[in-house]
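Residue numbers (full-length UniProt numbering), protein chains in the order written: chain W, 1 to 480; chain L, 1 to 323.
Keep in mind that the hints were calculated from the coordinates and are not lab data. If a hint is listed, it holds; no wrong ones were tucked in.
If you want the footprint, here are the derived chain W segments under chain L, 3+ residues with CB under 8 Å: (1) 251-260; (2) 311-318.
Pulled from the structure, derived: some chain W residues nowhere near chain L, Cβ distances all over 10 Å: (3) Q127; (4) V220; (5) T243; (6) R290; (7) D394; (8) L430; (9) F436.
Ideal placement from N, C-alpha and C gives every residue a C-beta, glycine not left out.
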Amino acid sequence: MSRQRESGKGGITDTTRRKLLATSGAGVGLVLAGCLGGDGGNGNGNGNGNGNGNGNGNGNGNGNGNGNGNGNGNDSGNGNGNGNESEQSPTDNAMEALHGWTGGDGAAAAEEIVSMWEERHPDWEHQIEPIGGDANENLNATVARRLANRNPPDAFAGWPGLNMTQYGGTLASLSDLYEENEWEDVMHPKALEACQMNDEYRAVPLGSHRLNNLFYNVNVLDEAGVSPDDVTDWDSFVEARQTIADETDYLPVTTTTIAPWTNLQYWAQIMLGTEGQDAYEAWLEGDADREAMVSALEKTQDFVETNTNEDRATLSFPEANDKLINGEAAFFTMGNWAAGMYRNADDFEYEEDWGWLPFPGTQDMYVWHLDSFMFPQDGNAPVKSRAFAELIGDPELQIRFNNLKGSIPLRTDIDGGELDAFLNMNVEHLNNYEQFPPTLAHGLACTPEELDQCKEVFANNFMGPYDAESAADGLINIFN
Amino acid sequence: MADTGETETVSGSRAAAHRGAGDDWHGRIRRFSKSDFVRGLPYWFVPFLIMGFGVYGGIGWNTLISLTDYEGFGQPPDLGDLDLEMYAQALQDPAVFVTTKNTFVLMIAFTTITMILGLFLAIMLDRDIRFREKIQTIYLLPMALSFVVTAQFWLWMYNVNNGLVNTVVGVFGLGPYNWIGNPDLVLSAVIFALIWQFSGYAMVVFLAGLQSMPDDQFEAAKVDGANTLEMYWDVIIPQLKSSSVSAAVILMIFALKAFTFLYSMFGQYRVPQATDILATLMVREAFQLQNWAYAAAIASILLVMSLAIIAPYLYYQYKQGSL
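Whole structure, please, built from the sequences with the hints as guidance.
Following this line, the structure appears as structure tokens:
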């Protein structure tokens, strides 16, 4: 009896089975190669980046390695790191710069950066991209994730000062760039102070917004018979609001409470306006006056709830601002990037249709906010990123960008004739005032962890039911 | 021939014996390599590998991170120092307590109401009305929409001043409600929107269950003098047990994933406190605050909750013999 081969009975033949096994083995092999190859690629990439980006000497390489690996080598790593970069030739990688200006005036201004880069470096590829969201939240989260994955962009926009301390050990030093371009003589001293960390310059200032603004719609105030010059402090502001509510059908104040950062911002302005800069800074230093804080919080609740738009919990700030542009509301407070919307609106002119007041009680203060670009150490295109840094500090860029963005350039040597009237007024204030309380909701007054805690306190205690006492306790605890 | 056969057999058997002894493991390998397990290898191995790396590898890595102290982006996680500190912190955190409570409220309210509504719709449709197929499709359509889309337009519909919901409610004379702004109402508003999106799914599951029931049961019940209500309540609904269990499990898992809806609706990591669920807390801790280890601990807690829902279902199926 011949034994039939099992495989001939009904299953696949030997050859087919071998083919299948071979193909599946190849497939598995490819999968494994892909996984391991990916990791290896990253490892290699970092290795090369560190090696090339940070100079040829042993000292530089070691310094940087320690810096990234243990977080101990901050000073040595950063200090030595980038002196030799300018001698390199540019890599083939695109220069990747991330910023948070996705819409409105910010997007138009960011386009200026792109077109100037393309004018000056037409054969260098760039990847200048916006990442959206409220007060840079998404941008910060993305940058943090990229840094954690050791795959940082070449440049990213952000707020220097205390906000920059979270990036300690990862940013490149730009002091030699400052020296080359003599920026120390030209940039506003507060900007220079804010852009320093660990004794080196690590950011290039781009534009400053001011936070203590109260915009108003001229026509609505006229109809109600309220004169803007009368709104000088909190009580006269409350009176003005009441008059508008009584005399007209318009909303006295338009607000947005969809996110904690706006409530935080309102509270900061009211604290400065009613309790003064000393009380504000005392809180930041841990020596808060609880009564003052509770009183300011109660006024904030009044500001947000009395005579305002009912749908504030679902509006974003541009939508709230639209109500002022449409003539439905009288007052709106926001950083002066909101004025960009007025500029872009048709037939809505400064001083004819809209006006500006310092937030009641904050005359003579310029609540200080600064946008800048920062440059991580192990980006993929070090030479191009230095060129980008130089571009940001360039006077022509500062004029073109800030005119569209509505922020104030930080170079003191810019011809006032190139900026519009509203900006010029702010430039004057920037150069002449002496009180510069740092902005809370935009990163200059405290570190990012403290800012997050402030936002949590507001989100938990001051955004639905408004509980001034526990919010005050929460805020005081953050800085104690 | 017998001789040769015998000789052959003898020698053959000796040879076979010799072959049998020495080739025993060889034979086993050959049989093994012809078994279904190996012959199916090219079909199941690659997906198994992908699942292994992607899902179970991810779960394992997440659990490992939750045992470290990893946060921020300055340094890689310290895998040498593993402890349960993050879990201890999570169990003491008031935010975790509030969000767990909200998660349970969302899960239970959403699941029960969706199932009841789905059952009601299925019973209606089962009674053979005109255009049944089209109506079925219309009820099921919301499930095809992305959470991002539905969140955005529910946000518009819930607008206090000119939203559709307040307009409709206003027709009955009820005042405009601040659905999103009022912390007492916002969770109900979100649950309602989710119910709208998933009741079609529940309807389809129950409809399939209803239509698979044999007709003679209805007739027998009628003969026995049951009226419609009794028929449904005592005869039909108890038979939908397995459909309702499977629908409930799917709906509860979707409720745990309501993060997408909430994030799209509010456009940011921080959602109003009344709607803060474990998923939103986890994402906030991870991506806004960069507390990777803490967020990983919360994610593990979420995973345990999901398993606590599915495990009884799997056991029930196993007992039924269908697993």
